[in-house]
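Student: Sequence:
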Amino acid sequence: MQNETRKNDIGSRISLLGLTLIFAGAAVFLLLMVQRSRERAQDAAYEAMVDTVTSDYDAEDVTLGTPTGSEVNGRKVLFLSSYDPTFLSYEDQIQGLMQVFDNSGVTLDVMDMDTKKHPDEADTVFADRMRERLQTTSYDGVIVGDDAALLFAEKYQDTFFKDIPIIFFGVSDYEEGEKAAENPYITGYLERDNFRETIDLALRLLPDTKKVVAIIDNTLSGETLEKNFEGAIDDPAYAGLTFETINFGDCTLSDLQNRLSQLTEGTVVLDVIAFEDADGISYTIPQSASVISKASPVPVFRTAKGGFKNGCMAGYVNLFENTAASAANLMMQFLDGTKDPKDQQLQEEMSACYVANYEVMEKFDVSEANLPADTVVLNRPETFNERYGLVFYPLALMLAGMVVIFLGLNREVSEKTHAEAEQRRISEELRFSSEHDSLTGILNRTTALDRLDTDERLRDGKSYAVALVDVDNFKEINEKYGHTSGDALLKLLAGELETLAKQTGAEIARYGGDEFLVVFFGRRVSENDPDLNAIMDLFCKERPMGIDYVTPHASIGVANAEVGHSAAELLVWAEMALQKAKQRGKNGCFVSSREMREDEGRYEQLKAAILHAIENDGMYMVYQPQVNTHTGQIEGLEALVRMQDADIGPGTFIPIAEENGWIRSIGRLTTRLVCEQIGKWLKGGITVPPISINYSAEQLQDTGYVEYLKGQLAKNNVPPDRIKIEITESLFMENSQRAEDLFHQFEDMGITLLMDDFGTGYSSLNYLSYIPVSVVKIDKTLVDTYMWDNDGIFLKDVIRLVHDLGKVAICEGVETKGQFDRLREFGCDSIQGYYFSRPLSADAASRTMEKGNLFHADDAPTEEPPIRLVQE
7 MQNETRKNDI
17 GSRISLLGLT
27 LIFAGAAVFL
37 LLMVQRSRER
47 AQDAAYEAMV
57 DTVTSDYDAE
67 DVTLGTPTGS
77 EVNGRKVLFL
87 SSYDPTFLSY
97 EDQIQGLMQV
107 FDNSGVTLDV
117 MDMDTKKHPD
127 EADTVFADRM
137 RERLQTTSYD
147 GVIVGDDAAL
157 LFAEKYQDTF
167 FKDIPIIFFG
177 VSDYEEGEKA
187 AENPYITGYL
197 ERDNFRETID
207 LALRLLPDTK
217 KVVAIIDNTL
227 SGETLEKNFE
237 GAIDDPAYAG
247 LTFETINFGD
257 CTLSDLQNRL
267 SQLTEGTVVL
277 DVIAFEDADG
287 ISYTIPQSAS
297 VISKASPVPV
307 FRTAKGGFKN
317 GCMAGYVNLF
327 ENTAASAANL
337 MMQFLDGTKD
347 PKDQQLQEEM
357 SACYVANYEV
367 MEKFDVSEAN
377 LPADTVVLNR
387 PETFNERYGL
397 VFYPLALMLA
407 GMVVIFLGLN
417 REVSEKTHAE
427 AEQRRISEEL
437 RFSSEHDSLT
447 GILNRTTALD
457 RLDTDERLRD
467 GKSYAVALVD
477 VDNFKEINEK
487 YGHTSGDALL
497 KLLAGELETL
507 AKQTGAEIAR
517 YGGDEFLVVF
527 FGRRVSENDP
537 DLNAIMDLFC
547 KERPMGIDYV
557 TPHASIGVAN
567 AEVGHSAAEL
577 LVWAEMALQK
587 AKQRGKNGCF
597 VSSREMREDE
607 GRYEQLKAAI
617 LHAIENDGMY
627 MVYQPQVNTH
637 TGQIEGLEAL
647 VRMQDADIGP
657 GTFIPIAEEN
667 GWIRSIGRLT
677 TRLVCEQIGK
687 WLKGGITVPP
697 ISINYSAEQL
707 QDTGYVEYLK
717 GQLAKNNVPP
727 DRIKIEITES
737 LFMENSQRAE
747 DLFHQFEDMG
757 ITLLMDDFGT
767 GYSSLNYLSY
777 IPVSVVKIDK
787 TLVDTYMWDN
797 DGIFLKDVIR
807 LVHDLGKVAI
817 CEGVETKGQF
827 DRLREFGCDS
837 IQGYYFSRPL
847 SADAASRTME
857 KGNLFHADDA
867 PTEEPPIRLV
877 QE
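Take the sequence shown: its letters are residues 7 to 878, numbered as in the numbering used here.
Simulated from the structure, these hints should not be mistaken for lab results. Any given hint could be a false lead.
[Unchecked claim] Derived DEER-like restraints, expressed as beta-carbon distance ranges:
{"#": "1", "residue 1": "Q743", "residue 2": "G690", "range": "35 to 45 Å"}
{"#": "2", "residue 1": "T130", "residue 2": "G343", "range": "35 to 45 Å"}
{"#": "3", "residue 1": "E831", "residue 2": "H424", "range": "20 to 30 Å"}
{"#": "4", "residue 1": "A863", "residue 2": "R463", "range": "47 to 57 Å"}
{"#": "5", "residue 1": "G690", "residue 2": "E568", "range": "50 to 60 Å"}
{"#": "6", "residue 1": "C546", "residue 2": "Q743", "range": "48 to 58 Å"}
{"#": "7", "residue 1": "R600", "residue 2": "G824", "range": "27 to 37 Å"}
{"#": "8", "residue 1": "G111", "residue 2": "T258", "range": "46 to 56 Å"}
{"#": "9", "residue 1": "L401", "residue 2": "L247", "range": "11 to 21 Å"}
{"#": "10", "residue 1": "S267", "residue 2": "L401", "range": "28 to 38 Å"}
These figures come from a predicted structure and were not determined experimentally. All C-beta atoms in this analysis are idealised placements derived from N, C-alpha and C, irrespective of residue type, glycine included.
Model the full structure from these sequences, guided by the hints.
Tutor: Quick look at the structure:
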């Protein structure tokens, strides 16, 4: 049963796993969204970096207004550019300056020399423009970009820029820059040529490189860069390389293409500067880079911005925007007085980065893994994760979760169906066992009595009869041939009697040990009734008993229904008639009559005797031990009420007391007697285990019982944990809410509840799951029925079910060592029955408790389970 419970959890766990996967998918989606948001921010920065180093545009693509700022204290700065807005680095320079001057309170003016288009007349023409400008405005500082602007500022410093700071950047003529920086008002940033870094990058990506071909032109910048290149290749680190220079200014376009096409493997090209060919044709950087890359069969590298989208593979380039921003920050410090231009040293470093074109690298089979860290890589294709990861992985998790949930639900439904079928099977077996006698398979006494009360055919005013059939001399048969043979005879007689009852429309039940109850519907029965004669004939047959034959015979007592009298009364009359039949010599039948009842008055006498006993201390208690199956120790005793009149047993006076409303009085009487006896034992120094008191459904009407119990406990100095209350499921059938309230009151007092007679009556598995009992007492009928049937699997399952529900199992009616050993094997916690002890008087119970262990000599103790499910 425990394994079934675990199996039943699997479907739920699978479904839970599916839900977890779905939630995980949603969580991954949210995390990826956050990550993608961050990546987009990084991509924006990356794209800005890419724009900074790859702005490949033509003149007609550029429009740029002159930025202005709000004046603060009359501060105004002039940016003097060597070129016009179409030059590749122009926009970056402006952006870098505006990063600092925007919203700073400083006004920035821009003037362009446009020396690329007008190299010869730029100086004089621009001087006139500057003179005109300065007639209406003045500047607190000047920033100049590139060589031509620096030369102009030096030449006209005293004329236009006297005693104001001048900061330059983008100057590639190192000698001129160093010379200018000797002036106390001039400082700035030299533009690195990046030859060494780019050559080193080429060797890193293409270790087999043997030759480097540099392309320059005859422009002013070209002459300066050629001089710098020649200085760079003198480095001893390049001793193994061959260098060659191609001057684009001395070649036509076709000449350049032809020379490049003849380059062989092991050579790389440096596209340094190529603005104008020998024919005087001008080229933008994207145009010249595209021409060179297409013509060259070997990789082309760049040392400056641009061309990487036009076929150049890689290079190390300056970030003019960053350098311009540094110059602007330095000018702000000069203007606010935190730094003095006279103390500022020349800066020889500029911001730069590595750039590579993924597609070109793939073309030349160059691995991206060899690139330096933080390289800006262009045209890299999106990975699967980048393109689909945001949707794929969460969706895959969610789909997997849905599949798992489907499988889990499917399994859960299957397990639930199986569990329900198993529960129905066990319930049916419990119901059958509760309604039928374990030995004979016919209806048991409890069920028969219930039907007498509920069957519509037995209502007051209906005609019917009940007969009690007692096997004559059955005690002697048992003693002579043994209980096993006696049981076999009873089973045989019950089967034949059931067959006969079906033929006559009657119903039979086992009423007691060797007694059967027969109910005849719709008619009265006389002593000469054919059906009664048939029953007598059935019992008069010889039956095999080992090597012998016996003729059991039977005595029958009959009572016919009379208006105004209950079924309980009819049974008393039938018992009286049965006694008459036995008194007449057995093997006969006697029908109850009014005269007989008047003569005997047995029923009224019983009532009077019972009432007298209740009111005059005619009751006493006996105690039957409950013994631990592993240790033999007494774990508790059940208190059982008896009458001083030994002829009237509990099977007689309890039903009559219930019928006449006396059960509440008996309940209080037994409670008082038990509490008084426990008090005496405790006072005498006896260690008393918990004593259980039976609580009837009829006592629910006694709303003051709990207070009465508290009073008795206090009066006799009995701790509440020395008392247990035995209940039956019928309490819930009577009034479940009142019963539930009562149970809470018992729990508040610290009193343990036991479920009595499990396996009889209703025996619903549903009740066990929520009735707040700690101990379940499995009825003798269930033990007898399933002890040996099918290797005891069903009884073992019931005990395991009790344990799975967290409760202790006690089996009742254990009479033999074989039963004891079997139940211990099944895991039963305790037993109660004649095997260890009959119900004992108070004195005998005292001696038994002092003895402590009730194991017989051949009852070896066993190791107790590591955890008892319920601790007393």
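Student: State for each hint whether it applies.
Tutor: Hints and how they fare:
no.	hint	in the structure
1	Q743 with G690: 35 to 45 Å	holds, 42 Å
2	T130 with G343: 35 to 45 Å	holds, 36 Å
3	E831 with H424: 20 to 30 Å	holds, 27 Å
4	A863 with R463: 47 to 57 Å	holds, 55 Å
5	G690 with E568: 50 to 60 Å	holds, 54 Å
6	C546 with Q743: 48 to 58 Å	holds, 55 Å
7	R600 with G824: 27 to 37 Å	violated, 50 Å
8	G111 with T258: 46 to 56 Å	holds, 53 Å
9	L401 with L247: 11 to 21 Å	violated, 54 Å
10	S267 with L401: 28 to 38 Å	violated, 51 Å
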